[in-house]
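Peer 1: Spelled out, the chains give:
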Amino acid sequence: MDAGGVPEEIEKFLDPRDGCALLNSDLDLRDIRASVDGDADAYARLMCRYEPLIFMQMSRFTRDRRSLEELVQEVQVEVYYSLAKYRDIAPLQHWLRRIATRVGYRYWKRENRARKRREILKQEWKLPEPVAYMEPSEAGVALFGMLERLPPRDRLVLTLYYFEECDTTEIAERIGWSVGLVRVQMHRARLKLRRMLAEAGYGKDNL
Amino acid sequence: MNDPLDMVRELADRARHETPPRGNVLPRTLEQLRQAESDSTQRIWRVFAACACGVALVAAIGLTWDYRSKVRDPMQTFFLSYKLPEIYS
Chain A
0 MDAGGVPEEI EKFLDPRDGC ALLNSDLDLR DIRASVDGDA DAYARLMCRY EPLIFMQMSR
60 FTRDRRSLEE LVQEVQVEVY YSLAKYRDIA PLQHWLRRIA TRVGYRYWKR ENRARKRREI
120 LKQEWKLPEP VAYMEPSEAG VALFGMLERL PPRDRLVLTL YYFEECDTTE IAERIGWSVG
180 LVRVQMHRAR LKLRRMLAEA GYGKDNL
Chain B
0 MNDPLDMVRE LADRARHETP PRGNVLPRTL EQLRQAESDS TQRIWRVFAA CACGVALVAA
60 IGLTWDYRSK VRDPMQTFFL SYKLPEIYS
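These protein sequences, in sequence, are chains A and B. Its first residue numbered 0, the first sequence is counted upward by one per residue in numbering that gives the first Met the number 0. Its first residue numbered 0, the second sequence is counted upward by one per residue in numbering that gives the first Met the number 0.
Careful, some of the hints might be misleading.
Example chain B residues on the side facing chain A (calculated, C-beta under 7 Å, incomplete) [to be verified]:
#	residue
1	Leu4
2	Leu10
3	Ala11
4	Arg13
5	Ala14
6	Glu17
7	Gly22
8	Val24
9	Arg27
10	Glu30
11	Ile43
12	Val46
13	Ala51
14	Ala55
Pairwise CB distance ranges (calculated) [to be verified]:
#	chain 1	residue 1	chain 2	residue 2	range
15	A	Glu198	B	Gln34	45 to 53 Å
16	B	Ala59	A	Arg117	34 to 42 Å
17	B	Arg42	A	Ala83	17 to 25 Å
Residues from chain A that keep clear of chain B, each with C-beta distances beyond 10 Å, as calculated [claimed, not checked]:
#	residue
18	Ala39
19	Cys47
20	Pro51
21	Arg64
22	Val71
23	Gln72
24	Gln75
25	Tyr85
26	His93
27	Trp124
28	Ser136
29	Asp166
30	Ile174
31	Val183
32	Leu192
33	Arg193
If you are wondering where the hints come from, they were derived from the structure by calculation, not from laboratory data. No residue lacks a Cβ here, since even glycine has one placed at the ideal position from N, Cα and C.
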């Protein structure tokens, strides 16, 4: 991240990926305490600050606008009921990301049970255009469509790995799995993805 | 032969520059939370009312029973001890 003008002593407390604070501000802590005591306005202030982060995170789980808003709402409600359990030992945004990942994964599992994935698998999958000419949004749709064809567990680790740039330790932390399990899952998921792409004709002369 | 996962990585590098979607679902959430709180208050009152009705019913049955044991039994005793001997005598 380009932290242009941010003093060095502050810059080290910023997340290089999104520039959000890695430490909770006094404002956050005050609002958290007030929210736990039942102050709805404090909760609204807190969520206003973090809603873009939650939107961004949940857009990795669905591309449908309506479902996206439902998911963001689900996260906000879960945050409200879990705030009392929040301990100020980790930055709030990490805690929010963990909740968002859990909600998103649950959504995928629900979709999987509803056999939506089978319908997706029946649809013809179009190979993306040469990546070099793609707009970021087109690339996002293409990658989403590609990972959508994998089972939820594989899709989750690869989404966090590719979209969110998380390493195995971070993925384990967010999902609540062990690092070993994440490594095994990641290996299997990558094999499946490679096989899927090879079957679709990728890896020969498309690049 | 290229590794197809290189293409995936390249896609991801581009996708990360995507503008995140925006929206404002907070008012809906707050409304839902208020509704949930009001529902839970109503539920507590309903449970309380049901418990009160139950206690009142049990008390009424107990009191009736007690009344019957105190009032009717002496009557029965009265009839058995005074009237019956008179009848059969």
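Peer 1: Could you work out which earlier hints the structure fails to respect and list their numbers in ascending sequence?
Peer 2: Going through the list in order, the structure violates hints 10, 11, 12, 13, 14, 16, 18, 19, 20, 21, 22, 23, 24, 28, 32, 33 and respects the others.
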